[in-house]
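Here the protein sequences come in this chain order: A and B. Take the first sequence: its letters are residues 1 to 351, numbered as in this note's numbering. Take the second sequence: its letters are residues 1 to 597, numbered as in this note's numbering.
Keep in mind the hints are simulated off the structure, nothing from the lab. Nothing here was measured: the structure is a model prediction, and the numbers come from that model. Ideal Cβ placement from N, Cα and C applies to all residues, glycine included. Each hint should be verified, as a subset may be incorrect.
Unchecked claim - Partial pick of chain B residues on the chain A-facing surface, computed with a CB cut under 7 Å:
#1 Phe-30
#2 Ala-58
#3 Ala-238
#4 Asn-239
#5 Pro-276
#6 Asn-279
#7 Glu-281
#8 Val-438
#9 Glu-441
What the hints assert, rightly or not - Residues from chain A that keep clear of chain B, each with C-beta distances beyond 10 Å, as calculated:
#10 Tyr-5
#11 Pro-72
#12 Lys-94
#13 Thr-139
#14 Trp-141
#15 Ala-154
#16 Ala-178
#17 Leu-213
#18 Phe-293
Unchecked claim - List time: in silico SDA-like cross-link candidates among lysine to any residue, alpha-carbon distance up to 25 Å:
#19 A:Lys-234 x A:Ile-125
#20 A:Lys-82 x A:Ser-99
#21 B:Lys-431 x A:Ala-279
#22 A:Lys-82 x A:Pro-156
#23 A:Lys-136 x A:Lys-234
#24 A:Lys-136 x A:Ala-124
#25 B:Lys-431 x A:Ala-34
#26 B:Lys-431 x A:Ser-99
#27 A:Lys-136 x A:Gly-152
#28 A:Lys-234 x A:Ala-220
#29 B:Lys-431 x A:Pro-35
#30 A:Lys-136 x A:Lys-82
Listed here are the chains, written in short residue letters.
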Amino acid sequence: MIVGYLEYVARRLVRMVLSLVVVSALAFTLLQLAPGSFADIQRANSGSTGMAGAGAQEVAGEFATRYGDEVPAWQQYLVFMKGALTWDLGPSYKYPAQSVESIIAQGFPVSAALALLATTLALAIAIPIGVFAALKQRTLWDSGSMFVLTLGHALPNYLTAVFLVLVFAGAWHVLPAAGWNGPENLVLPVVALAIGPLAVLARYVRSSMLDTLGEEYVTAAIAKGGRPGVVIRKHVLRNSLIPLVTVTGPMLAALMTGTVFIETMFRIPGLGLSFTQAASSRDMPLLMGTTLFFAIILMATNLVVDLLYGLLDPRVRAESGRKLRGPRISRRDIPGADPDQGGRSGVPSLG
Amino acid sequence: MRAGPLTRRPIGTVAAAAVVALSLAGCSLFGDSDGDTGGGDGDAATGGSITVAATNFAHIDPQSITFGMWLVQMGLLEGLVLQTPDGTDVRPGVADEWEVSEDGTTYTFHLRDGIVWSNGEPLTADDFEWTYERLLDPERGASGVTTGASSYQVPLGILNAEDYNTGVITDFDQVGVEAVDEQTLEFTLDAPNPGFLMGLTYPSMLPLNPEAVEGEADWQQPENWVGNGPYNLAAWTANSSMRFERNPEYWDAENVALDEINVQLVEQGAITTTVPYENGEVDIQAIGEPAEISRFLADPVLSEQMHVLENAGTAYMIPLHSTNPVMEDPRVRTALSLGLGRQEIAGISEMTEPASTLLSPIVPGWTEEIAAHEQMWGEAAVAEAQELLADAGYPGGEGFPPLTLLAGSDFPQLDAIIDTWGTNLGIEVTKDVVEVGVYVERRYAMHDENYVGLWYGSFSGISTWPYQVEQLWSPDMLRQAGLDAAGYQQFVDAQVDETLSPGDRTAALEEILATSTTDEAQEFAELVAATRETVDEAEQQEIFIEAASVREDAELIIPVTWSHVVFVAQPRVQGLEIRAQADRYYFKDLWVDDSAQ
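Produce the complete structure using the sequences and hints provided.
Printed below as a string of structure tokens:
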């Protein structure tokens, strides 16, 4: 059992490394194909002043001595990847005094904190709403709350954010519109980030609750004389929430890596801005560094979710253990039990 | 079913992590949070703080062209001279006096007695010399600090500076900058230059502290900062904010009112609103959105808080290089200029006006006569444009190839240009708004015959003749625009020709520009050169006026609109005056009066 698990984790890790190589090669190739170089763009943005403005000057931008312009692109790639192995990503072009790893180290805690707070907020609201809607299925409460949440989900977070800013800062003057000075600066961005996930999660909880409510063991528990409150809390709710892990993980990862609108709007010094700036300024080391980092975060979160899922649900654990010890070919024979698929829907009910 | 107790875990984990994050948030997450946003406590002329919004930047090396260099100039570093608050002349800075030789080619600056850096070390003429050697160092492009080209302004005309920077000469002693003694700095120029003193107020001429810059640590971080301005860098949260604190070592510290400056760094292209300003979080902010400006103008309270510098910038268009020769016909270019509905285009924003010249009308001595035509817009102009277009073989726009209007971001003005050309001249124009990397490539590319058009840009700068004639829309820019397809191809080839030495390349490029461009463009370049042959200011000004007029007549760069610079400032902010140079004002000139309404 333990051996099987370790074997499984090891295989996943190998696959992660391979994926990272592919991701880095793709990102690098796309960057090479993109028009314009870091030097050209810096020159264009600098206007006409000084020698910098005389158009396509003969001064070819040799930006970081680490790479050089003369060496072929594939060699630059190898130099970068060699450094990446030891978490030495070298200096950014755009922020030459800083190493890429230090930019990530500064920005990521901020983005991660926002993501965690937003996810927590979303869960804290989504679960009660989802449960309530499921229990009041086909009432006005149910359709009403789901309608509002769908609206919230449909609105992109930058629109929600603008709306929140206009109301709380513009009209009521109760919260700052932007900045990063203290906890009061967290309120609006966290709420703006939480609304989309909140809607998704609540609908998830609702449908998952409804599935569980229809299970025979619930009927059995009630038939045995269990009080509805206890049955709902002990049997329905707990089992309904397991699948949430599968959605919450990737959601958290997505929030950690993709909040650039919110970050620029609220002037939050997170990582999203560095990432998008790196792409638009063709800052190779920073773009490669952040891309790889984001890829690692996403893959690691997925791995953690899959492992956690196995731990939480003995059925999955039992199956993946059996499966992993068995011949490879038998994996497909177990319907929906492959943790890679995040196989929520296919998990056979043994209840 | 025994999974029960475990189900609490995911939520518990996330919640615990969030709590950790929150407690982190309380301390290190926000970095330096001493910054007092907005509120000042000084009610008299000294003390207090203000918060300003500025465009974000990656570094604050004044020798590297970013928005950071302007912010540095506003209060962290101070040059030999400063601009007067109205931006039309200079006042003493690090140098309290200076002399100019009779022939106008030698400037001798005397540094103030006892002037020091913020670390207490003396600030010497050698520091300036060291700074300029760094500025002109041809190798520095490889260090990753500059933008690949020096931000030295060629029209300053320091002897041999350009040759040293392009590698033609290698001995810095031959460059016309010399620290005569600790307190005396001498510049030798190629030729008299009436714009020299104002040119010294450009950020690249600010002194840098050699020990700090050459030190191991990052000199742009607060803990390593050594400056000589009225303020020191106290905190910098990248992409978010900065805080300046009063520099007690500053020579004029007793006349600096504000204790603290908070800078909010706003990303270019971010969803920006004026909400932080109206919410009292920001004291001074630039606004540019036409809709925002209209709203402020319409509001009786907010309109009182606007500070406007009229006609400080010019939007213009330049033909792209194409193998299709249609734009090489001066009749076509003139028709495009006269057929432009400048009034309609300017009507989009309350802060733009139709432009008759590239030169800003705030330049002292500007006259309508500089314009290429008496009527640059209106019925007569359009009629003339239609006639010229017919002469060129395209009556009513018939048979005219589809034009492309290239821009790096979208402006409503682009649509207005396209619309008025369509209406007035019957020509078809499409907008090509592309990502910045593509924009840069297309702007300088040699296009095939199917891609004909112009690119759209805008400039603003100080309102002096040398700046507006030599620096913006410079002789090289105009002559490059005037090259025909064959000439431009030669020019591009020479630029990348590895076999040429730096000196030979400069000579080869000059040769191509001088011989293959249009007569007017070359005449313009020669007139600009001629301004350096005299020290008589009146005579110089006359030559500048003539040069500016020839530049318009060349019809190679089409002026579109003049735009105003608009700032809003809370009533408590005192002493704010907007200058034409992009730093706009100095923090040392401001104070707050909380009783002001």
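Check the hint pairing B:Lys-431 with A:Ala-279 against an upper bound of 25 Å on the C-alpha distance. holds, 24 Å
Hint check: is the beta carbon of B:Val-438 less than 7 Å from a beta carbon of chain A? OK, holds: B:Val-438 within 7 Å of chain A, min 5 Å.
Taking 7 Å as the limit, does the beta-carbon of B:Ala-238 come near enough to a beta-carbon in chain A? Holds, about 6 Å.
Evaluate the condition: distance from the CB of A:Ala-178 to the nearest CB of chain B exceeds 10 Å. violated, 5 Å
Taking 10 Å as the cut and beta carbons as the points, is A:Phe-293 off the interface with chain B? holds, 17 Å
Can we keep the B:Asn-279 interface hint, with Cβ of chain A closer than 7 Å? Constraint on B:Asn-279 satisfied, holds at 5 Å.
Agreement of A:Lys-234 and A:Ala-220 with the hint, judged by alpha carbon distance not exceeding 25 Å: Holds, at roughly 13 Å.
At a threshold of 7 Å, is the proposed contact between B:Phe-30 and chain A supported by beta-carbon distances? It holds, given that the least Cβ distance between B:Phe-30 and chain A is near 6 Å, below 7 Å.
Taking 7 Å as the limit, does the beta-carbon of B:Glu-441 come near enough to a beta-carbon in chain A? holds, 5 Å
Using Cβ atoms only, decide whether B:Asn-239 comes closer than 7 Å to chain A, and label the hint accordingly. Constraint on B:Asn-239 satisfied, holds at 5 Å.
Over 10 Å from every CB of chain B: does A:Trp-141 meet that, or does the non-interface label fail? holds, 23 Å
For a C-alpha distance cap of 25 Å, please report whether A:Lys-136 and A:Gly-152 respect it. At roughly 21 Å apart (the allowed maximum being 25 Å), A:Gly-152 and A:Lys-136 satisfy the hint.
Checked against the numbered hints above, the structure breaks hints 12, 16, 22, 26 and 30 and satisfies the rest.
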